[in-house]
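*Asks:* Given next are the chains, with one letter for each unit.
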Amino acid sequence: MSVPLARRLLAHDKRRTALAVIGIFLAIVLVFFELGLFFAVPRGGLLLYDHMRFDLMLTSNQYEYLSDPGAFAKSWLERVRAVPQVARVMPVYFASAKWQSGVGGRWPDLFVIGFATAASPFTGGGIDRQIAVLRRPDTILLDATTRPLFGPLTPGRVVTIDGRRETIGGTYRLGTGFMGLGVALVGQRNFARLFPLRGLNFVNLGAIALKPGVDPDRAAQEIRKIVPGDLRIFTRRQLEAHEIAYWTTRSAVGLIFGSGLVVAIAVGIMIVYQALATQISQHLPQFATLKAIGYGERSLYAALAAMAVMIMTAGFVPAALAALWLYAIIRRTTLLPTAMTGKEILLVIAASLAIAVISALLSAASLRRADPAEVFDRRPR
Amino acid sequence: MRAAPPLASPSGRFFVIGSVPLARRNLLANKKRLLRSLAGLGFAVLLILMQLGCERAFFESSLRVIHLLDGALFIQSAHKYRFITRQPFPPAVLERARQVPGVASVRPLYADWYDFFWKNPYTGKVFMVQVFAFDPDQPVFDLPAVTAHLAALQAPDTVLVDRRARPFLGMGGKAAAAELNGRRVRIVGRFALGPDFQSDGTVMMSARTFASLLPPGVARGVEAGIVTLKPGADPQAVARALKAALPSDIAVFTKAQLLRFERDFEARVSSAGIIFAMGTIVGFIVGALISYQIVYTDLADQLPQYATLKAIGYGPFYIARVVLRQAGLLAVGGWVPAFVASLLLYRILGELALIPFTTSPYIIIASFALTLGMCLLSAVFAMMPAVAADPAEVF
Chain A
1 MSVPLARRLL AHDKRRTALA VIGIFLAIVL VFFELGLFFA VPRGGLLLYD
51 HMRFDLMLTS NQYEYLSDPG AFAKSWLERV RAVPQVARVM PVYFASAKWQ
101 SGVGGRWPDL FVIGFATAAS PFTGGGIDRQ IAVLRRPDTI LLDATTRPLF
151 GPLTPGRVVT IDGRRETIGG TYRLGTGFMG LGVALVGQRN FARLFPLRGL
201 NFVNLGAIAL KPGVDPDRAA QEIRKIVPGD LRIFTRRQLE AHEIAYWTTR
251 SAVGLIFGSG LVVAIAVGIM IVYQALATQI SQHLPQFATL KAIGYGERSL
301 YAALAAMAVM IMTAGFVPAA LAALWLYAII RRTTLLPTAM TGKEILLVIA
351 ASLAIAVISA LLSAASLRRA DPAEVFDRRP R
Chain B
382 MRAAPPLASP SGRFFVIGSV PLARRNLLAN KKRLLRSLAG LGFAVLLILM
432 QLGCERAFFE SSLRVIHLLD GALFIQSAHK YRFITRQPFP PAVLERARQV
482 PGVASVRPLY ADWYDFFWKN PYTGKVFMVQ VFAFDPDQPV FDLPAVTAHL
532 AALQAPDTVL VDRRARPFLG MGGKAAAAEL NGRRVRIVGR FALGPDFQSD
582 GTVMMSARTF ASLLPPGVAR GVEAGIVTLK PGADPQAVAR ALKAALPSDI
632 AVFTKAQLLR FERDFEARVS SAGIIFAMGT IVGFIVGALI SYQIVYTDLA
682 DQLPQYATLK AIGYGPFYIA RVVLRQAGLL AVGGWVPAFV ASLLLYRILG
732 ELALIPFTTS PYIIIASFAL TLGMCLLSAV FAMMPAVAAD PAEVF
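In the order they appear, the protein sequences are chains A and B.
Each step along the first sequence adds one to the number in this note's numbering, with nothing skipped, and position 77 is 77.
Each step along the second sequence adds one to the number in this note's numbering, with nothing skipped, and position 367 is 748.
Extracted from the complex, chain A is given alone in its bound form (with noise of 0.2 Å):
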């Protein structure tokens, strides 16, 4: 009888009802935001190696994360070249250049991401279309979301890095994620001449194909055994592993967002709560006499927790439907790349749940107080 009670009870005063599932779903629509944010900073952090080919990353021991990796002698990747397991190797060089040609006469920071146009790790984004453009002289390609502070990213505009005079080749879509306000890939060639001391003798990044077939756990500690200790070997998975637990717990966005859904959790529980307990303050007679007419507490509960889910599940979709719509201003507006996937959506009705849940045990309190002789004798009226 709980679930027919309980609808019943929501159908009685449709207004109140109508109230309560826009402040749960207002409280959703919190939770995905915050949600949102929470991993749309690692997502961020990934958004590189999400559009790069490798089965492996060799790095040295002082990787912390993409943007500070760490340097190690190219020879290693050479000789990781002849496992027989390893289809190949691809070394990924870092720098940071001034450029020379923003507006206003700034010259903001350039993340500068040089490769061997010939074994190129980045798909997608239109990068591997353009790998021809990268092998002419003194030629870049910018990431699209560079921030307009670099001036207009129009294809054959020369512009000056490091005091040396580049031509915008193109532009692909891959996010510049957290490596900076303007990010450019090079050729090696090209790299070595916009950095001269720095050379292409020592690599940040190693990516490694492996043969078709090869499990990367077995092939890794191949690898391991010729390396020395000063090399870290991750697999995909662990890297992503890595990246994910730096944002989330290394920088304060992890505790900013994570604190923000704390928050929008109790504004949920607050809101379900006062739904439920007026629900019950105006139906107490009715509750006192379904209990003198012999139904249970836990039936009343029931009740409860029946109505806490019918309005959460009203509430859910709309609030999911609006989420899909803010992570798109969230995504356009702060290049965050904020996204519905399925593990969110799981996370926000668990979120959902637990409010359903507590604030039908908070306001059980009350229920209590629905003792037929008591609340019959109380009233005068």
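Any given hint could turn out to be false.
From the derived model, a few chain A residues whose C-beta atoms are all more than 10 Å from chain B [what the hints assert, rightly or not]:
1. Leu30
2. His51
3. Arg79
4. Lys98
5. Arg106
6. Asp138
7. Leu153
8. Glu240
9. Pro285
10. Ser299
11. Leu321
Restraint-style ranges between C-beta atoms, simulated for each label pair [what the hints assert, rightly or not]:
12. Asn201/A with Leu733/B: 51 to 57 Å
13. Ala18/A with Ala701/B: 19 to 25 Å
14. Ser67/A with Asp645/B: 41 to 47 Å
15. Pro548/B with Ala73/A: 29 to 35 Å
The following residues of chain B were derived to be distant from chain A, with all beta-carbon distances above 10 Å [unchecked claim]:
16. Ser652
17. Leu735
18. Leu758
These are computed hints drawn from the structure, not numbers from a lab.
Built from N, CA and C at the ideal position, the CB exists for glycine as well.
Go by the hints and put chain B onto chain A.
*Replies:* Frame of chain A, contents of chain B only:
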């Protein structure tokens, strides 16, 4: 605040009712429900306070260093797009600046964000750090913990470290030495600065130590000139004179201008402003909804009472005023505990995130205005039925 006198009281008969604090009594009639209402409202206000606090912490973390620089005017490369980036200029510029009338002193600040690698003395792990350097005879930071160790900094390879740096750097604790760019440096003191969104920790040293630790191939020069003025000199006028005397690729800022320059940069390129504004708006809507629910429920319950008031001659404005006053009281009741809770929360978040979570007059005013706004707005919408209550119909 007293309730307004009744609109219709030819004989003074209703005087007693008129002075009854109806709004307060209405609220206190059901204490349990009031508590529940305030809790709901309080959480919505807390949400707004959190968003405002996060926004402030975000911006303040990058402005903290500028606040600590002890000068009236600042000289830096005009190519800088923000303070926290390397763009050194020749020291000769400072020599020229010293000759400008009104200038008392120009002290060099050296800085780097990309070329200094600190080895955690406890774990041996290496991290990039922010470095500031200056001549110990001409200190530039208004930070007692730095000023106290100037003499010790004169010795080569001595450093001061930030004990509020992120813990994984190992700058806290008792370690007396560490490695910086592969060289052993002696830690002669610790100051409290804290990380920002660009760097995890800061090391300070003398200009000489800085020059010897900077890797070869990195551009050398002064990062900023910190200018103090002679007594009575007008900062704006001296800034103009400096601008005229120095090369065109050098910019001169007052402290307020430099703070605005950095803040504008953060606001333009980072998304923090937008994100926290969105959060604040959602908090406002949630709060308005909660308070609507509170006022509406209360009015619905008391509809007969309001109808009675109308029947005995009180007009709709009187009732509206009672409801608005009630909403105002609700706003105060929801805001005060939320504000107290926010102070505690800021404290906790500040300690965990190590960024400056503090309240400010702006946060206090903005959060209260938003709270009052959402309560009054929702009261206006909720009071429609009560104001329109027709005594004949209700009974």
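*Asks:* Please go over all the hints and tell whether each is borne out by the structure.
*Replies:* Results for each hint:
no.	hint	in the structure
1	Leu30	violated (5 Å)
2	His51	holds (21 Å)
3	Arg79	holds (24 Å)
4	Lys98	violated (7 Å)
5	Arg106	violated (4 Å)
6	Asp138	holds (21 Å)
7	Leu153	holds (16 Å)
8	Glu240	holds (20 Å)
9	Pro285	holds (15 Å)
10	Ser299	holds (24 Å)
11	Leu321	holds (15 Å)
12	Asn201/A with Leu733/B: 51 to 57 Å	violated (41 Å)
13	Ala18/A with Ala701/B: 19 to 25 Å	holds (24 Å)
14	Ser67/A with Asp645/B: 41 to 47 Å	violated (24 Å)
15	Pro548/B with Ala73/A: 29 to 35 Å	holds (31 Å)
16	Ser652	violated (3 Å)
17	Leu735	violated (7 Å)
18	Leu758	holds (15 Å)
Hint compliance for this structure: hints 1, 4, 5, 12, 14, 16 and 17 are broken, all remaining hints hold.
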